[in-house]
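**Q** What follows is the residue order along each chain.
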Amino acid sequence: MTLTTRYLGLTLAHPIVASASPLTATVDGMRRLEDAGAAAVVMASLFEEQIRAEDTAYALLTEHGSNSQAEASNYFPELADYNAGVSGHLETVRLASEALDIPVIASLNGTTAEGWIEHARSLEQAGARAIELNVYSVPIDAAVSGAEVERRTLDIVREVRSSVQIPISIKLAPYFTSMPHFAAGLVRAGADGLVLFNRYYAPDIDLTTLKMTRSLPLSTKAELPLSLVWIGLLSRRVPCSLAASRGVETEVEVVKYLLAGAHVVMTTSALLRHGPEHLGVMRDGLARWLAENRFESVEAIRGLKDASRVADVDAFLRAQYVAALTDYVPGKLVQ
Amino acid sequence: MSVKSVVMDGNTAAAHIAYRVNEVCAIFPITPSSTMAELADAWAAQGVKNIWGQVPVIQQMQSEGGAAGAVHGALQSGALTTTFTASQGLLLMLPNMYKIAGELTPCVIHVAARAIATQALSIFGDHSDVMCARMVGFAMLAATSVQESHDLALVAQIATLESRVPVIFFFDGFRTSHEENKISVIPDEQIRAAIDDNLVRAHRARGLTPERPVIRGTAHNPDTFFQARESANPFYTRVPDIVQRAMDRVGALTGRPYRLFRYSGHPEADRAVVVIGSAFEVLDETVGWLNAHGEQVGVLHVALYRPWDAERFLAALPSTVKKIAVLDRTKEIGAIGEPLYLDVVTTFAEAFAAGRVPAMPVIVGGRYGLSSKDFDPAMAKAVFDELKQPRPKHGFTVGINDDVTHTSLTVDASLDIEPKEVVRALFFGLGADGTVGANKNSTIILAADPDRYAQGYFVYDSKKSGSYTISHLRFGPHPIRAPYLLKSANFIGIHKFDFLFKLDTLSAAAPGATVLINSPYPADAVWDELPKEVQQQIIARKLSVHVIDASRVASGLGLGSRVNTILQTCFFALSGVMPRDQAIEAIKRATERTYARKGKAIVQKNFAAIDSAVANLHAVPVPAKATSRRIRLTLIPDTAPAFVREVTATILALQGDTLPVSALPVDGTYPTGTARYEKRNIADQVPVWESDLCIQCGQCAIVCPHSVIRSKYYDESRLAGAPAAFKAAPINARGYPDSRFTLQIYVEDCTGCGVCVENCPAHSPDDAAVKAINMKDRLQHLEAGRESIGFFETLPWADRTRVNFANVRGVQFLEPLFEFSGACAGCGETPYLKLLSQLFGDRLQIANATGCSSIYGANLPTTPWAANADGRGPAWANSLFEDNAEFGLGYRLAIDSQRAQARALAGKLAPRLGADLVAAILGAPQLTESDFRVQRERVAALKAALAGATDPDAANLLALADFLQRRSVWIIGGDGWAYDIDYGGLDHVLATGKDVNILVLDTEVYSNTGGQASKATPLGASAKFASAGKTSPRKDLAMMAIAYGNVYVAQVAMGANNEQALVAMREAEAYNGTSIILAYSQCIAHGIDLRHGMKQAARAVACGYWPLFRYDPTMRDRGMNPFRLDSPRPRIPLEEYRYNEVRFKSLVQTHPDSAKRMLEQAQRALEERYRMYEDLAARDGSRFQPHWQDSPS
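Those sequence lines, one after another, are chains A and B. Throughout, the numbering used here is defined as the position within the first sequence, counted from one, plus 5. Throughout, the numbering used here is defined as the position within the second sequence, counted from one, plus 11.
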């Protein structure tokens, strides 16, 4: 039985990767995931926006009261290791890269062109084996067209591509008008892989305080279909690695994504819910499923059910649509 | 090998050497030497190595006494060891210094010389401390400048290794330790070459080792001690030669020769001055000027003061000198002269007697420069002028006006001898605006040119909020040796418009000088906004005036009040000291250097500020006549007491140097309550009360750190005559139908911290953002506020016997007798002190440890502890940092003794005074306000009955009668005091069981000296001396106190539970035994916006880090559980509290994994500690430590 797969040019022992989460924020956390059997880890994101805000607060708070008293020129030690708010993150990347045998993929969420480039370089220098660009922005400006949003993302990819040597992947939101066209553009711009999809925070309104609230609930396998469809549609149509994200709860979802064409399957919520050790359970489950279904390898099932196997994709999608409606049983929509 | 010329201060210059030539540094913070210790700690944290390729071991100690002990031990174990100290710190080291010297142990102690507290504390520089150490057996080597504090530190190390005689290496505190100047840094290779490793190995070989055991520190009997004491004499005899050789060696390496006694001046001088320290530079400059004007004078600097080399001294001084003035920067009261004077006189007397000098010169001694009193060329000239007199004055003073014992010399203050090519710039800044930081950068920028030299010196006021800074900068083509304040400036920057109305900012403006004003008014409108006096100065001196609204520019760029880079750019643009483009480029580089590690965002904001500066800078057209209707403010109202009008007002106007000796109290006793006369008006925004929304809960008033929110209730009939703007609301308490309530904001005293607004629980039903108290523009509420306050003060304070002391709502009606302090805006300490003053103020006696609370509590010019209308209020004194618990215990002992005498006398005189009155006095319970009032009336009756009596018993009872009123003794200090330096004393006081109350204002760091770690600093917090995160948990002082069984112990946190803090204070005070309260005090050293400080305190409690509890031994005495846990179980994770603060968050950046581990450990420790508290709280009353006074069960 061969579980190995290739993702972003990296050979992984199996296709289950721990995606960016609090579990991958520290070396210890990543080590636990490796021990639990993760094939790779995507480190918790480096958020440029947060770093800039924290830097400003740090600068102003540590300067507060400085050079205004005879007895104290300042109130904080000069921290030579403090490097614009990213030193800790980079140090974690460095330590994790050294400590872990599995690849450590850095995740970057930039807000400025300069930030994307500079931080990508730093992450590469710190030892990351690949960088996942977490393009997380909600276009709210009515003057900005969809084409403009796409252009900006492509620019980011091109700039990062020209700045680093290591593979890069793009974690996308699902809301693009022509996903295949855009995906192909991303690959042309230099992306080595796509991660489908990012999840947005869930805003809400507290009716007691009338305040906006925000949360990021753990995903459930109900979220699987959207990613599954697009993995299936893009498999073999865009020449890059595909990572499936969302709704991976057990080995069942892993298998489905692989059948749809994913090179790797990323999971977070299940690990947060059940602990890092759950990753090993999923891996073993995958192996068991393959054995029970007499497949020799992951590669043997990868893309077995992708859209490229269907001559008329449009018909394929319509057929799915029709089937879905036909099969609808009240109260059973979400499986 | 390249020699670097860089700008640094004297502390850095000395520490640079000390760090490189030592293996162990034992440190403790004390102004002005703290920087040396901080640097050593920071360098070690960064892995900077000494010349042997090792990172020295830096160990913080609990006191300077502890540091000296550790130094002694490390030396005895063969390590090259040093420490850094000053003032009281050096005094605490003296016993060990005798030992170190007695054992002939090479060592250099680096001292930024400072005044010793006498009639008052002073953090500033003079030689009082080092002169106290001249008998310990250390050699004493002095530097005159920043460069010398660098070079001679190396000389000291070379010499101590060779001579085995330890060295006190000192330089003038502040004047040298804090002066920024361009110096040549000795490369490490040269330092390495200067140190003889054979001597290092010899020192190591003398260290204790079980391989070659010896015994040291033996006890001697009369038969041998004396001889042994004399046995080391040859070592001291050799020291001068050794030091001179060391100077020669360093001189050869650096090209800067040094002498033990450096003479400068006319080779055939008839008059000379002998001096130690930076004053030499002033005298030398003056000597040059005087000789150029036809005089024959000289000055001699004593670099090596101990051992005194009489021969070299005599050889250094021209034989033509007939008159000598010896200047001492210390006062040895009662002596025939100060120490250096006596040495000089003895030297000449011995030489004359032995025939080595043909005649005895006239030698007089004088004092100068105590507590950093500026010593300038005019004063230097006055000394030389005095020597022209046939009988020059001995024991003179220079720099003051002594109108009491007439010691002072007359000084012509107009003398200006500074070279014309020196550019002199004076900047008036606000503490918060970054002026000093920018000026430090300016000196670096300008000194980067190899052909330009720069000097910066900075003066600060004593307030911790809204404080001003004055920067004195000099730039020129030659090295700048002018260690005195600017008297005349070519450029004056006024970085806050209000200063024009408060201070005489232009008094030092040279004719034709350039003036830059940060002005809210544009160039074409500002003229009419200037005070008339300022207009007159501008016209008379033909000043060139420019304005920029830097505050608006900075605010628009998100830089808050940081106007520094904008005004710095304007300075360069206007002064022309270097080409504008080049200057802007250099400012940007300096900004990047300053902020690079703090992130691009702040760098970019500053770049934008720099780029926009020149475009917003405008010249002001100056009319021919002064026409303004505005005049400079009167700083003190006419209604103030005479002392405040005459003395305090002079100090406030920065004219304190002009006060004569007679103006000042002889024994350090000052009137209280002077802060109320200083209307600082420092806040841009102040709280405004919405009477309709207010629920009158008192939560805003209780948390106000500056006592600017006050509440009264009164009969509505009193509102007759109230100004229109005066606000009142029906009181929302039952039983007072005709009463009105007013919450008055003292707008001129508010610091604008906003803590009150954050703590207000009442919202508008229409808009949750509108509270019952909201921050509004001060200027718009200023006039109405003044009128309202005037009326409010005519309303009576609530009758204390009718106030409910049991809750916050009631306590707001008590008059605060701690008001308008200089503490930081949003200070977490002062609300406790204000509450203390409200609860017990009229019978309060406070012993206050040195630290923040002694500075904002008692630093001149104005002080916050006040008295009520009856003239009663807190009596306050500060002894030291290291003895406050014992000092306060002394209060109690004296009170108990005198009360016992009073009671005995009252009993004895009962037949005369009335048996009922005496019985009532002696039997008074004195527990409630009613009790106190009645007792006061009885004591007054007793005094009345005794008035005029002349018999000893009656006279004695009259003198002691006030002790019949119960006093409330409080011992107050910070955690540095309680946990570290006076922990032994505090522990002893706890063990006495005496009726004193200890309040620990626990900021978990040494706040006053800049945030060094104490044993209260929590695990994982980054602080100075623990920059990589403190690795040990905070000491559980509460449990230690509880272990005694009979100590009342409480842990409180305002913001989390004000009511509990109030109850704890009242219980502690009522307890007839020792009490201690640990009070959570948020601080700027935590790295939070103090506006949210109370919420952060609440988080500290909510996460279980700071559980609230009370241990009341009286409960145990009643068979109940004395331990009550007042806060609920942890409701939020520790992380949620910690990561709001820079002290914790920064560690996540620098040491992410250890930050995580420390957080986890701290969380576990917290949970375990909480379980222990819960266990205690769940016990029955019998399961606590018994006490011998317990009744037998």
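Treat the hints as calculated values from the structure; they're not laboratory data. Incorrect hints may have been included.
Rough simulated footprint, nothing fancy, chain A against chain B, three-plus residues with beta-carbon under 8 Å [what the hints assert, rightly or not]:
| no. | region |
| --- | --- |
| 1 | 91-100 |
| 2 | 225-236 |
| 3 | 1029-1039 |
| 4 | 1151-1163 |
Where is the CB? At the ideal position from N, CA and C, for every residue including glycine.
**Q** Next step is simple, just say for each hint if it's right about the structure.
**A** Taking the hints in turn, this is what the structure says about them:
no.	hint	result
1	91-100	violated (count 0)
2	225-236	violated (count 0)
3	1029-1039	holds (count 6)
4	1151-1163	holds (count 9)
Hints 1, 2, counting from the list given before, are not met by this structure.
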